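Given next are the chains, with one letter for each unit.
Number of protein chains: 2
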Amino acid sequence: MSKNKTERARLSVSRRQRSTPFTPRIETLGVSDYSIVNHTILPKGFGRSVEEDYWHLREHVQMWDVSCQRQVEIKGPDAALLLQRMTPRDLRDVQPGQCMYAPIIDEHAGMLNDPVILILDYDHFWLSIADSDLLLWTKGLAVAYGLNVEIDEPDVSPLAVQGPRADDLVAKVFGDAVRSIRFFKFEKLDFDGHELVVARTGYSRQGGFEIYLNDSSLGLALWDALWDAGENLNVAPGSPNLIERVEGGLLSYGNEMTRKNNPIECGLGHFCSYASELDYIGKEALSRIHLQGPQRIIRGVRFDGDKTPACANTWKLTVDDEFAGQITTAIWSPRFNQNVALGMLEQAYWNPGQVVNVHCADGSVRDGFVTELPMQP
Amino acid sequence: MSKNKTERARLSVSRRQRSTPFTPRIETLGVSDYSIVNHTILPKGFGRSVEEDYWHLREHVQMWDVSCQRQVEIKGPDAALLLQRMTPRDLRDVQPGQCMYAPIIDEHAGMLNDPVILILDYDHFWLSIADSDLLLWTKGLAVAYGLNVEIDEPDVSPLAVQGPRADDLVAKVFGDAVRSIRFFKFEKLDFDGHELVVARTGYSRQGGFEIYLNDSSLGLALWDALWDAGENLNVAPGSPNLIERVEGGLLSYGNEMTRKNNPIECGLGHFCSYASELDYIGKEALSRIHLQGPQRIIRGVRFDGDKTPACANTWKLTVDDEFAGQITTAIWSPRFNQNVALGMLEQAYWNPGQVVNVHCADGSVRDGFVTELPMQP
Numbered sequence: 011m012s013k014n015k016t017e018r019a020r021l022s023v024s025r026r027q028r029s030t031p032f033t034p035r036i037e038t039l040g041v042s043d044y045s046i047v048n049h050t051i052l053p054k055g056f057g058r059s060v061e062e063d064y065w066h067l068r069e070h071v072q073m074w075d076v077s078c079q080r081q082v083e084i085k086g087p088d089a090a091l092l093l094q095r096m097t098p099r100d101l102r103d104v105q106p107g108q109c110m111y112a113p114i115i116d117e118h119a120g121m122l123n124d125p126v127i128l129i130l131d132y133d134h135f136w137l138s139i140a141d142s143d144l145l146l147w148t149k150g151l152a153v154a155y156g157l158n159v160e161i162d163e164p165d166v167s168p169l170a171v172q173g174p175r176a177d178d179l180v181a182k183v184f185g186d187a188v189r190s191i192r193f194f195k196f197e198k199l200d201f202d203g204h205e206l207v208v209a210r211t212g213y214s215r216q217g218g219f220e221i222y223l224n225d226s227s228l229g230l231a232l233w234d235a236l237w238d239a240g241e242n243l244n245v246a247p248g249s250p251n252l253i254e255r256v257e258g259g260l261l262s263y264g265n266e267m268t269r270k271n272n273p274i275e276c277g278l279g280h281f282c283s284y285a286s287e288l289d290y291i292g293k294e295a296l297s298r299i300h301l302q303g304p305q306r307i308i309r310g311v312r313f314d315g316d317k318t319p320a321c322a323n324t325w326k327l328t329v330d331d332e333f334a335g336q337i338t339t340a341i342w343s344p345r346f347n348q349n350v351a352l353g354m355l356e357q358a359y360w361n362p363g364q365v366v367n368v369h370c371a372d373g374s375v376r377d378g379f380v381t382e383l384p385m386q387p
Numbered sequence: 011m012s013k014n015k016t017e018r019a020r021l022s023v024s025r026r027q028r029s030t031p032f033t034p035r036i037e038t039l040g041v042s043d044y045s046i047v048n049h050t051i052l053p054k055g056f057g058r059s060v061e062e063d064y065w066h067l068r069e070h071v072q073m074w075d076v077s078c079q080r081q082v083e084i085k086g087p088d089a090a091l092l093l094q095r096m097t098p099r100d101l102r103d104v105q106p107g108q109c110m111y112a113p114i115i116d117e118h119a120g121m122l123n124d125p126v127i128l129i130l131d132y133d134h135f136w137l138s139i140a141d142s143d144l145l146l147w148t149k150g151l152a153v154a155y156g157l158n159v160e161i162d163e164p165d166v167s168p169l170a171v172q173g174p175r176a177d178d179l180v181a182k183v184f185g186d187a188v189r190s191i192r193f194f195k196f197e198k199l200d201f202d203g204h205e206l207v208v209a210r211t212g213y214s215r216q217g218g219f220e221i222y223l224n225d226s227s228l229g230l231a232l233w234d235a236l237w238d239a240g241e242n243l244n245v246a247p248g249s250p251n252l253i254e255r256v257e258g259g260l261l262s263y264g265n266e267m268t269r270k271n272n273p274i275e276c277g278l279g280h281f282c283s284y285a286s287e288l289d290y291i292g293k294e295a296l297s298r299i300h301l302q303g304p305q306r307i308i309r310g311v312r313f314d315g316d317k318t319p320a321c322a323n324t325w326k327l328t329v330d331d332e333f334a335g336q337i338t339t340a341i342w343s344p345r346f347n348q349n350v351a352l353g354m355l356e357q358a359y360w361n362p363g364q365v366v367n368v369h370c371a372d373g374s375v376r377d378g379f380v381t382e383l384p385m386q387p
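These protein sequence lines map, in sequence, to chains G and X.
Our numbering numbers the first residue of the first sequence as 11 and each following residue consecutively.
Our numbering numbers the first residue of the second sequence as 11 and each following residue consecutively.
Everything labelled a hint here was simulated from the structure, so no lab data went into it.
You may find that some hints are simply not true.
[To be verified] For lysine-lysine, the following DSS-like pairs were computed, each having C-alpha atoms within a straight-line distance of at most 27 Å:
#1 X:K326 with X:K270
#2 X:K182 with X:K198
#3 X:K293 with G:K85
#4 G:K270 with G:K326
#5 G:K270 with G:K293
#6 X:K85 with X:K195
#7 X:K85 with G:K270
#8 G:K293 with X:K198
#9 X:K270 with G:K85
[To be verified] To be clear about the criterion: a stretch of chain X counts as covered by chain G if any three or more of its residues have a C-beta under 8 Å from a C-beta of chain G, and this derived list gives those stretches:
#10 37-49
#11 198-204
#12 270-281
The structure displayed is predicted, hence computed values, not measured ones.
Even for Gly, the Cβ is constructed at its ideal location relative to N, Cα and C.
All chains should be built: construct the whole structure from the sequences, respecting the hints.
Set out below in structure tokens:
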């Protein structure tokens, strides 16, 4: 995976790698790079550089086809009980209209996913998931526990509008009501006679919304309405931007963490409760880690040298030839004029400012240092 | 997804889309097309056409990096009990050394995966899986049932050697013992002091083996040993070949069937048992379908006209303007000099010889007819 851009392999086409309700527009707009998330294509580039997309995202507004954030729908009398068993986050006081970022863990406290949970009602939830088939874990638990719930993947496809002009763009389609939606809250708003969930969420630090299209047949109408509304706002097609998310410390399941990592290592300890009233899978294992403290934690790393190659595998970090951790994602930051990365730092080396050596896949060893997240210039 | 080959988007690079122990060799050999299966890259082409690869596979021998066929390992006192709960296939008489193709179904008898199960011992199994996180279903069941099992994804990466010269090639590395391995059986054979599972299985109808590398650090040594052994056998890098698998009626989970399909529809009814001693998830739902008979079934379809575009979505089939089913995979067959396809045919139209209209994504409507599987020339 060390090839340069012009040599990279193309993605083969099949039904298994699912298209989205927005795919025809994405293709017309010249999509050049795809990723696969949840068996669904995620547009990752449109022929411009990641740096150009980065500056545009910070200054204007972009539309992202994030339909790959599939929903695991849980509803019914036992829905709240099942959901609380799946996460260490205390969900006892949630209210409809809230979005809750929540680690989902297994019996060893290993991360299985890190969805945003949409509280549609007290007995009705959507888990807007990262890249693992959380549907199967959820269904397996429900079947074996014998719970009274319905679990499915509904016809719901999120479309993100991100960037400083997102309010102006989305207000043109959904009305000024969107301006008063608070962070991690949602409203159900009308589009062409259909009620859509509009949430102030998104996988960037530039602000904006995710609109949960709930009828694939309206995909092109929704895309076109938003696109037309963006005409004077310099709207562009975009995607989760690697530079922006690394600087911002936004984690990616499968990149920064896997089932081998617990939420405390992932810096998600503040989402975990050990209240005696809560009964969740992995509580015993997680409580032990909580008491002992983690052995490693996710941090930022900045490092010198030429523009880094893409990180297709973990790269070793060392301090005085001792193992100090691993890089999981790396890219050049034009704002910091330096390479920026996310990685897992061992306890002895995790303090911000710690000097480290970064062993890149191209064989180079670069000088770097540990940073807090989000990174500060 | 209707673009032609030179316009198709490239696959973006990240740790989440996992490399394999064979990736460095695959890249040196000029991989041009990737797919993603189980969060792992699957090489799909090496700059030659699918037709060239097809003829080569039928006449010579190929090495395929199918590490994406990840293993779900189940072991421990309750392993056999759990495994039997997961499948309608009767596993009571299995013996170590057997490979068992088995549908895995949910409580509605919907297909979750269709692995080949390797019986390593009476309490130790590998499920060599298609493209869904069956690990999560398996773990969810085990946790909620409270079973005494260990479940994990081990460091095991299958390498397939397929084609009429596969015996000659593999015998040069593992000895003539491989020639006597029967179909869907495996032996543990020595490679460089390590015992590897060598199974007479694979995702083609041309014969061959799958070698289960159980230590990533040996990946390049194994690849090189096999590659060198193939020097006088016209060995080439390859991949599951779309023409060959469609003609041969080999199904692909996510393409031909999803969770919305039951195993009887998928033509897997002969793998399903309704014996009263068996207790598996979905038995009630499956028994009902078994008694009533399926509403539709997977068949082959051959159709006329120019070379078909790739099938990125389902394509409608009609008879006299009535809905008759859907195509799920389609490609040009140079041997039949016609397009060949797999699809789900409704009951009234599923008889071989039935004439149908195929509504391709390019807007064309082609004349076709239904066939048995595997297809006969």
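Tell me if the straight-line CA distance from K85 of chain X to K270 of chain G falls inside 27 Å. Holds. K85 of chain X to K270 of chain G sits at ~19 Å (cutoff 27 Å).
Mind checking, does the region 37-49 of chain X have 3 or more residues with a CB under 8 Å from chain G? holds (count 8)
Would you mind confirming whether the straight-line C-alpha gap from K293 of chain X to K85 of chain G stays at or under 27 Å? Holds, at about 24 Å.
What's the verdict on K270 of chain G and K293 of chain G, does the C-alpha distance respect the 27 Å limit or exceed it? OK: K270 of chain G and K293 of chain G at ~16 Å, within 27 Å.
Given the hinted pair K293 of chain G and K198 of chain X, is their Cα-Cα distance within 27 Å? 40 Å, violated
Counting residues of the region 270-281 of chain X that have a beta-carbon nearer than 8 Å to any beta-carbon of chain G, does the count reach 3? It is violated: at least three residues are needed, and the region 270-281 of chain X offers just 0 whose Cβ sits closer than 8 Å to chain G.
CA of K270 of chain X to CA of K85 of chain G, is that 27 Å or under? Cα-Cα ~19 Å, so holds.
Do three or more residues from the region 198-204 of chain X put their C-beta atoms closer than 8 Å to C-beta atoms of chain G? With 0 residues closer than 8 Å to chain G, the region 198-204 of chain X misses the three-residue bar; violated.
Next pair to validate is K326 of chain X with K270 of chain X; report whether the Cα-Cα distance is within 27 Å. 17 Å, holds
Compare the distance between the alpha carbons of K85 of chain X and K195 of chain X with 27 Å, and conclude whether the hinted pair is satisfied. 20 Å, holds
For the pair supplied as a hint, K270 of chain G and K326 of chain G, confirm whether the alpha-carbon distance does not exceed 27 Å. 17 Å, holds
Would the hint linking K182 of chain X and K198 of chain X be met if the CA-CA limit is 27 Å? It holds: about 16 Å lies between the C-alpha atoms, which stays within 27 Å.
Hints 8, 11, 12 from the earlier list are contradicted by this structure; the remaining hints agree with it.
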